[in-house]
Amino acid sequence: MANPPHFIGHRKSWNSWNTSTLKDALRPSQTAIEDVFIRKFVTGTWHALVCSEIIIKRQHNTIRIAALIRQAITPRKMYFLIGYTEELLSYWMQCPVTLELQTVGDRKDVVFKYI
Amino acid sequence: MYLSRQWRLLPKAGIARSLSSSGAHYTTAAPAEDSPIEIPNRIERSPTDLLQALAATVGRDHTAPHYKYHDDPFLIPMSNAAKRTYALSKESGRKAAKWIKEEHRELFMHQEAQPAIEKFAPSMVYTEDSQVEESSLRQLIAQGELKDAVLVYNLLEQKGTVISPELKQSLLELVCFHNNQEPLPEEYIEERWFMQNNRRRERSGKTWKDGDLAEKLYSEIEPKTPQSYASLIRGMAKYLQCERAYALLQEAGEKQIQLDTNTFNSIIQIVNFLKDTAEQRWQLCTELLQEMSQQKLRPNLGTLNAVLQCISTFGNFKLARTAALQVLPEFKKLDVSPSLGTYYYLLIIFCRERGPVSHVIVDILNDIAGKEFKVQHPKDTYFFATAMDVCRNHLHDKALAKKVDELLHTGKNYDLIGDSFKESIYYRNYLALLCQTESIDDFMQTYDLLVPNIYIPEPGIMEEILRAIEINGGVEHVPRIWSDMVVFDHTHRESLLLCVLRILVDNKPNPESPAQQQLPEQGAKVALDMYEKVEDSIRRLRKVSFTGQMLGDILTLLVRGGNYEKATEVLSHIDKNQHRIPGTPAESALQEFVEASVQEKSPSQALVALQYAVENNIDSRTLAKRIHEGFTLNEAHLSKLKSLVGESFLDK
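Each protein sequence line maps, in turn, to chains A and B. Counting along the first sequence from 1, when you hit position 45 you're at 50 in my numbering, and nothing is skipped either side. Counting along the second sequence from 1, when you hit position 390 you're at 451 in my numbering, and nothing is skipped either side.
Please keep in mind that the hints were generated in silico from the structure rather than gathered at the bench. Predicted model, so just to flag it, every value in this text is computed and none were measured. C-beta: ideal position from N, C-alpha, C; glycine also.
Pair by pair, the computed Cβ-Cβ distance ranges are: (1) B/SER500 <-> A/VAL116: 51 to 59 Å; (2) A/THR103 <-> B/GLY534: 42 to 50 Å; (3) B/TYR475 <-> A/SER25: 34 to 42 Å; (4) B/LYS208 <-> A/GLY49: 29 to 37 Å; (5) A/SER25 <-> B/LYS208: 37 to 45 Å; (6) A/VAL116 <-> B/LYS208: 51 to 59 Å; (7) B/GLU247 <-> A/ILE38: 30 to 38 Å; (8) B/TYR475 <-> A/THR103: 20 to 28 Å; (9) B/GLU247 <-> A/TRP19: 33 to 41 Å; (10) B/ARG166 <-> A/THR103: 23 to 31 Å; (11) A/GLN64 <-> B/ASP132: 16 to 24 Å.
Please construct the entire structure, taking both the sequences and the accompanying hints into account.
See the structure below:
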């Protein structure tokens with residue numbers, strides 16, 4: 006979304022939701038690096054299918070990953086990728102990982118504004 | 062005042078429960094001073110108790126697909142095939158990830174969690190030249206890793222390490238349990254859920270590996286212990302090496318070796334493979350039971366179910382009945398409480414296809430209504446499908462079926478439905494019974510609840526439902542059913558298509574009833590949809606071909622729905638492909654079309670219909686008459702009419 010950084014929290018919300026940057030919170034740097042890894046992994050695994058930012062939400066020991074996916078492959082293949090992504094990321098992060106995807110028919114559906 | 066009003070809005074049961082479960086009574090009056098405060102004993106809770114209590118407050122959501130599917134319109138499965146493929150694809154993705162983890166093990170060696178979670182790390186790999194010790198074998202057996210355990214055992218043998226007898230015994234137990242075959246890993250639940258016909262595979266015959274590792278291990282254990290006998294006998298009995306299992310049991314008896322109850326159970330289970338006639342089987346069964354009582358072994362649930370299984374294989378109905386009636390009180394005296402598997406066996410003993418009608422299920426349901434069951438025996442999962450089958454095919458009783466369904470939805474009993482195959486049998490029987498016995502509106506309520514998220518009807522059941530609609534005159538439900546049929550991919554079944562058309566054509570909508578006001582247009586839509594679907598299918602592999610009857614019905618529906626334009630198209634299709642289409646449309650279909658042509662003032666179309674009727678030996682006189690009366694025909698049309706039916710007709 007085309008919003009400059011000072012609008013984050015006002016017109017645009019965070020892409021990573023976690024409490025690692027609170028005072029005395031645990032693993033701030035690891036969390037940031039892991040999020041970068043997750044984003045790279047998901048955009049690479051769902052090649053040319055992700056049409057949005059990848060939102061990563063952490064609650065307790067679970068990680069929920071949300072994104073908009075283009076309906077360019079069959080649902081069957083999507084389910085394969087869902088299973089694969091969830092399982093591999095949970096091996097990597099060593100905690101339960103859930104994918105929360107929404108699909109869109111066309112890439113243009115998620116374009117809201119041309120600059 | 063405010064509070065009390067709020068409370069009235071709450072369901073009464075909820076208040077009662079919340080008050081009684083908290084164990085205190087909320088009263089404004091001060092408690093009497095002399096009553097001492099009693100602190101209740103602490104109840105031991107497991108870590109997941111709270112979660113389970115929370116989960117118990119939400120039931121299955123009928124309006125959403127099962128939670129294993131992704132909640133997005135594109136990803137929601139809409140047919141039985143899709144349900145299966147989607148769930149299995151997801152699991153196959155999991156398998157692929159696991160393969161990556163094992164293949165690139167060096168990348169997954171990090172440990173994030175404290176204490177480390179073993180399942181997230183790659184598993185140990187044992188090869189020909191790994192350094193192994195007895196302790197690693199012990200660990201592998203504890204983890205149930207059969208293949209690795211066998212490999213490590215062989216390595217230890219080669220190195221000449223002495224393995225303690227009790228470790229050998231536990232390896233023997235592992236090998237006997239799995240017949241030295243790697244079992245399907247436990248985490249792949251979908252594969253288990255969708256695995257089909259495993260029952261047939263079990264029955265197929267001996268799968269025990271003769272002279273394999275199990276027997277080698279057994280021969281190495283000296284002196285023979287009761288446990289080693291027991292595990293080999295049970296393994297052989299499980300994989301149907303029946304003769305040798307029985308021989309081993311006799312050998313153990315001769316050597317005065319004290320076996321345990323479960324070993325006897327496993328032999329009783331295979332009595333039907335040892336003896337041929339019912340009398341011999343029953344005799345052997347009683348002999349085994351007597352032997353158990355001599356050895357002072359206490360029978361358990363497994364014994365009860367094994368004996369009933371043996372009885373259920375009797376071809377002789379009378380003997381089976383008397384034997385079962387003897388066995389039940391005996392076990393009741395022994396204080397063995399039956400499981401669902403027991404009731405399953407009773408049902409198949411008493412309710413046979415060719416036997417007299419038995420109402421044993423009524424007593425069973427009276428006995429167990431409202432109870433919550435846990436799985437105790439492998440056959441427990443067969444109960445619900447069989448009970449519903451008995452309700453439908455044996456007794457044809459709607460009230461009983463509802464009772465069974467209520468039992469299924471009591472507590473966690475739904476866990477005992479078995480697998481997808483049994484679940485679909487259960488619902489198939491349930492819906493088929495309801496659509497035959499209930500009024501169509503009541504039935505549609507159940508239908509709305511179950512379809513499509515819990516159960517998708519097979520084409521056979523769809524036909525039953527359509528028949529019920531036809532009998533009960535619920536023609537207003539047809540468009541809804543048709544749209545379901547399209548979604549479930551039933552449109553290539555000719556019998557279903559004909560059924561839908563027949564109902565729509567035969568039940569002419571009554572414009573005064575509010576439910577049927579929309580029906581002519583909806584019917585025309587269904588007809589048009591069907592016409593396009595069938596035309597489409599000709600280009601595909603799964604061919605459905607038009608019949609004259611079918612096209613005639615489509616024509617009628619289009620005419621009734623006021624879609625005259627499409628109706629002419631269908632008629633020209635009928636006319637052009639006369640030689641390819643078997644059969645002809647009904648006369649009434651052509652009549653209705655001509656009538657519509659009159660309304661639309663289109664004599665040339667009416668003449669096409671007439672010509673078709675003449676060419677195909679359909680009674681054309683009424684048609685011609687109607688055309689003659691309805692239109693003021695010009696010369697060309699008149700001469701055509703004459704050439705078709707002859708001049709003499711017009712002069713009258």
